[in-house]
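K.L.:
Sequence:
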Amino acid sequence: MRIATWNVNSVKQRVPRLLPWLDQRQPDVVCLQELKLADDAFEELLGEELTARRYAFAAHGEVQWNGVAILSRVGLDDVIAGLPGAPGFPHPEARAVSATCGGIRVSSLYVPNGREPDSEHYHYKLAWLAALRDMAAAAGEATILCGDMNIAPADADVFDPAAYVGQTHVTAPERAALTRLMEVGLHDVVRERWPSERIFTYWDYRAGMFHQDLGMRIDLVLATEPVAGRVKAAWVDRHARKGTGPSDHAPVIVDLDTAPDGDIGPVVPPPSAPSGARGRVRLPQAR
DNA sequence: ATGCCTGAAGGGTTCAGA
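In terms of my numbering, the first sequence opens at residue 1 and continues consecutively.
None of these hints come from the bench; they were simulated from the model.
Treat the hints with caution; some may be incorrect.
To be verified - Pair ranges (Cβ atoms, derived):
#1 H91 - L45: 20 to 28 Å
#2 E116 - A176: 12 to 20 Å
#3 G103 - L19: 35 to 43 Å
On a predicted model such as this, the values are computed, not experimentally measured, just so you know.
Note that CB positions come from ideal geometry on N, CA and C, so glycine has one too.
Go ahead and model the full structure; you've got the sequences and the hints to work with.
P.N.:
Shown next, in the form of structure tokens:
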């Protein structure tokens, strides 16, 4: 089973890159972030193209910003739009959607940016991460959290730590919040596979940052032990960042071996959907 | 240049992103 996560920075603008990428990489499950599109517009834009490729999808978007989705061709059950217990800014934002795909509880996540350290948005980010930690702590044994965490876990995950002093994504409270999330029993599967490689997932559009490989690793795949133990490959698809009209993020792709019989714990039924949960779900046989 | 690109909404510009 191949699972991927990609902050597409407007799915509307990224259609000419997204569809060929699906055809080339053939992921079974795709977590998307920064759709920047309302749910009905997402379905209008991609419904037929995804259905033709046998993807079911669950989109949770907004008109202008944010927005997350899960595409799956290995099942899409018990969809929950939003993160239960998460704060808003001031209203709840479309930053999380979860579903059970191929026996694994999958979440597509877009952690708030934080803007400036100690700003209101920064504290919102920390509170949102605490809610994410609580969700992960209550999740089943076979769980994978994918998305734009907007935190570089370590100094090795930015091109120059000195360039980020005093900025978000690298501050101690953000990293501590990520540590508390990891401590519920999650593995950073890309870093564990490549312990000392220079790996980035985001490069600023400006000043040729990508071509100089001056970036950050902020898009993460975090898996519980039963899932992490199945990882056969984990890599950043830099090719998708090249060429015409790319996102400023590259996809992260993880291949899982077949689940051994009896070795994967039951997927704990998700909590009931939070009130106000929105989202658009369509299964491939629906049309 | 202290946002060097890119995208969205809405309107002739401003905000957001990391």
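K.L.:
Take the hints in turn and mark each one as holding or not.
P.N.:
Structure-based check of all given hints:
The hint said 20 to 28 Å for the Cβ distance between H91 and L45, and at roughly 24 Å that hint holds. Restraint check, E116 to A176: a C-beta distance of roughly 18 Å satisfies the suggested window 12 to 20 Å. A beta carbon spacing of about 27 Å between G103 and L19 contradicts the range 35 to 43 Å that was offered as a hint.
When each numbered hint is compared with the structure, a violation occurs for hint 3 only.
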